[in-house]
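Chemist: Put together the whole structure using the sequences plus the hints.
So the protein lines, in turn, are chains A and B. Each residue of the first sequence is one higher than the last, beginning at 1 in our numbering. Each residue of the second sequence is one higher than the last, beginning at 554 in our numbering.
It is possible that some hints are incorrect.
[Said to hold, decoys possible] Okay, derived cross-link-like pairs now, DSS-like style, lysine-lysine, Cα gap no bigger than 30 Å in a straight line:
| no. | chain 1 | residue 1 | chain 2 | residue 2 |
| --- | --- | --- | --- | --- |
| 1 | A | LYS2 | A | LYS317 |
| 2 | A | LYS167 | A | LYS200 |
| 3 | A | LYS372 | B | LYS667 |
| 4 | A | LYS380 | B | LYS648 |
Quick caveat, the hints were computed from the structure, so don't treat them as lab data. These figures come from a predicted structure and were not determined experimentally.
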Amino acid sequence: MKRQHYNTLTQLLTAGFFFCGIIPIFIIGTTSIYTSKQMAVKELEQTAAQVVQHRQNVINNFLDHQVELFSTITMLYPLEYLQQQEHLNRLFLTLSKSGNLVDVQIIDTNGDPLTYVGPFSSEVKDKNFKDQSWFAETLVRGTYVSDIFTGYRSTPHFVIALIDPLKQYILRATINSGAFNALLHSTQVDSHGEVFIVNKRGELQAPSLQGQHNSLTEEELQLIRPHSGTSLTNWGEYLYASTWLNHGEWLLLLKMKTDDMLSSYQEHLLRVVAVIAITALIFFIISIGLSRFIVARIAKADQEATDLDQHMAHIEKMANIGRLAAGVAHEINNPLQMILSQASWLDELLQDEDPTCLHNLEEYNQSVGKIKQHVSRASKITQRLLGFSRKISEEQINVQINDLVEETLSFLDKEAQRSNIEINLLLDQDLPTTMTEGNRLQQVLLNLIENALDAVEQDGKVDIRTSHDNKTIRIDISDNGPGIEVEVLNKIWNPFFTTKAQGKGTGLGLSISQNIIHSLGGTLGAENKPDGAGAIFTVKIPINSMTPSTLLG
Amino acid sequence: MTRYSVLIVDDEVDFREITTKQLTRRDVYCESASDGDSALQMIEARDYDIVVLDMKMPGKDGIETLREIKRLAPMTEVIMLTGHASVESGINGIKYGAFDYLMKPMEIESLVEKLDAAYERKRIQQEKIDQAQTKRDMARPS
Chain A
1 MKRQHYNTLT
11 QLLTAGFFFC
21 GIIPIFIIGT
31 TSIYTSKQMA
41 VKELEQTAAQ
51 VVQHRQNVIN
61 NFLDHQVELF
71 STITMLYPLE
81 YLQQQEHLNR
91 LFLTLSKSGN
101 LVDVQIIDTN
111 GDPLTYVGPF
121 SSEVKDKNFK
131 DQSWFAETLV
141 RGTYVSDIFT
151 GYRSTPHFVI
161 ALIDPLKQYI
171 LRATINSGAF
181 NALLHSTQVD
191 SHGEVFIVNK
201 RGELQAPSLQ
211 GQHNSLTEEE
221 LQLIRPHSGT
231 SLTNWGEYLY
241 ASTWLNHGEW
251 LLLLKMKTDD
261 MLSSYQEHLL
271 RVVAVIAITA
281 LIFFIISIGL
291 SRFIVARIAK
301 ADQEATDLDQ
311 HMAHIEKMAN
321 IGRLAAGVAH
331 EINNPLQMIL
341 SQASWLDELL
351 QDEDPTCLHN
361 LEEYNQSVGK
371 IKQHVSRASK
381 ITQRLLGFSR
391 KISEEQINVQ
401 INDLVEETLS
411 FLDKEAQRSN
421 IEINLLLDQD
431 LPTTMTEGNR
441 LQQVLLNLIE
451 NALDAVEQDG
461 KVDIRTSHDN
471 KTIRIDISDN
481 GPGIEVEVLN
491 KIWNPFFTTK
501 AQGKGTGLGL
511 SISQNIIHSL
521 GGTLGAENKP
531 DGAGAIFTVK
541 IPINSMTPST
551 LLG
Chain B
554 MTRYSVLIVD
564 DEVDFREITT
574 KQLTRRDVYC
584 ESASDGDSAL
594 QMIEARDYDI
604 VVLDMKMPGK
614 DGIETLREIK
624 RLAPMTEVIM
634 LTGHASVESG
644 INGIKYGAFD
654 YLMKPMEIES
664 LVEKLDAAYE
674 RKRIQQEKID
684 QAQTKRDMAR
694 PS
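Modeler: Printed below as a string of structure tokens:
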């Protein structure tokens, strides 16, 4: 019950200490993780934005460059010049050195092809472009850059078409999109990143670097919306950076898996978690230790308080018994006095009688003697009862306990011899003397030795041992009797508790003895021998040196 | 011819009667009183050598009566009786001038012993007083 209580207390304290210690660290750790994640994400976003801008510049430059190149050509050469196949051939040779150019075609404003240089001359020769949307757009806007398409040419390509300043012809050039792809992926960001270009309809204009994407997901399609500059979007575990290219025709998309990009953050996270775990462990151990220590202290204090309470209760009980006993003794002593006086009176008068006339005289005499004897017995009991209320302390004298033991034994020698009891004296020859109330201590020793003699009965053995340490003198009185039953071991100190036969003991001896020893500042205890062969009563009294008054005297 | 006179003060009539009988039989002049006040009246009326006084009585208690007796008749010896058997009350009595104390129950012999001793002291002191008076009388020019 009590054990349980202390265990619960220990657990509560442990939990309390642990949480008090760990909560701040947990908060700091979590904040640190959060902040570091924010920073990492921000950094990632910056990187993504930079990459996207860079690509935008590169690709825009490329496109602008191409457009500019062809617009320069249209400005330099009139239709008459380019209508001649050899002139266009020469121009094509010059331009295709960069390797990007697939074919070049000159078309008149009606959409009829005029000249063509390139690998697909048969396919385009007689084709009229008038109905095609790009053609109309070129006529209106002057410049056109198509989406990338496979078209009837099997490789991906895109088309640039320009109208000459005099609006006489249209120059159409097909640009190899492979070269375009190389540009797109030219500066590698990170193996985790994906870069691709889509048109307004979400069609992939260049294969993604990882080759994982052939088309956009539903969600990704929503990214295709008008915006200026670079737009950043966090979607689930991905970060998208997008910017418009080619005058708002194409969207450059950078897709990065956030988690993969946050490796420094992951490391930090691991570190923080490890620190929190280790700290928690340390706190846990400290909490256990601390709470056990505190609970042990509390338990000790409780025990001391309980002991003190018990001691106080015992003292109070003794005081009450003392008052009661004194009252009873007084009331009984008066009638005892009367009985004794009357018996004495009878005794006196009987002496005057003539033995010849009173043939029962002897019987009367005997009877009177018995009355006196039993009054004396009753009177002894009342005297003992009064021992409780005796508060006056006797004179403190310097006592050699060894001598006191021997003197006490001399009173009991005859009784011991009669029952053939062996008494062994194991006296500490260096036993110091102590200032104490010799007579009362002797009363206790007498009582204890008498008890021992009663316990062993015929042919028994009683050992009396004295010993000492710095502060106390110890007297052990052990017998080889039946010992004390465990159930009554606590009760033997109670007044009127006795195991002796009716009329043999008053049940007051041990109780008074303990009172006396307490008043001498000592302790009186009883236990059974470990082997169960008898009981040991132990008296401990403090060693008091000479009192100041004795020194003066 | 009695040896000396004793006044027994005790609230128990049986005790007074039997003790009176016992003491009378031992050539002691014996009277008794049941409480402190009547004892004091008797002492005023007549000199007793010794008063045997119970500690605990209704009305005036032993110690109080003792002090009154010592005031009225300082030469009278007092023996205290206590059923309480407490040493304190005996010592207390001696402090106020009692010759000695006895614990109940006691044998008549112990009482007689104490009475004899008390009377002996009284007698010796009376003698001393008588001698001193004689000396003073002789020293005084007639």
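Chemist: Does the alpha-carbon distance linking A:LYS380 and B:LYS648 stay inside the 30 Å limit?
Modeler: The hint holds at about 27 Å.
Chemist: Is A:LYS167 within 30 Å of A:LYS200, Cα to Cα?
Modeler: holds, 29 Å
Chemist: Verify the proposed pairing of A:LYS372 with B:LYS667, using a straight-line Cα cut of 30 Å.
Modeler: Distance ~20 Å between A:LYS372 and B:LYS667 Cα, so the pair holds.
Chemist: Could you grab the alpha-carbon distance between A:LYS2 and A:LYS317 and see if it respects the 30 Å cut-off?
Modeler: The given pair, whose Cα atoms are some 26 Å apart, holds under the 30 Å limit.
No hint from the list above goes unmet by this structure.
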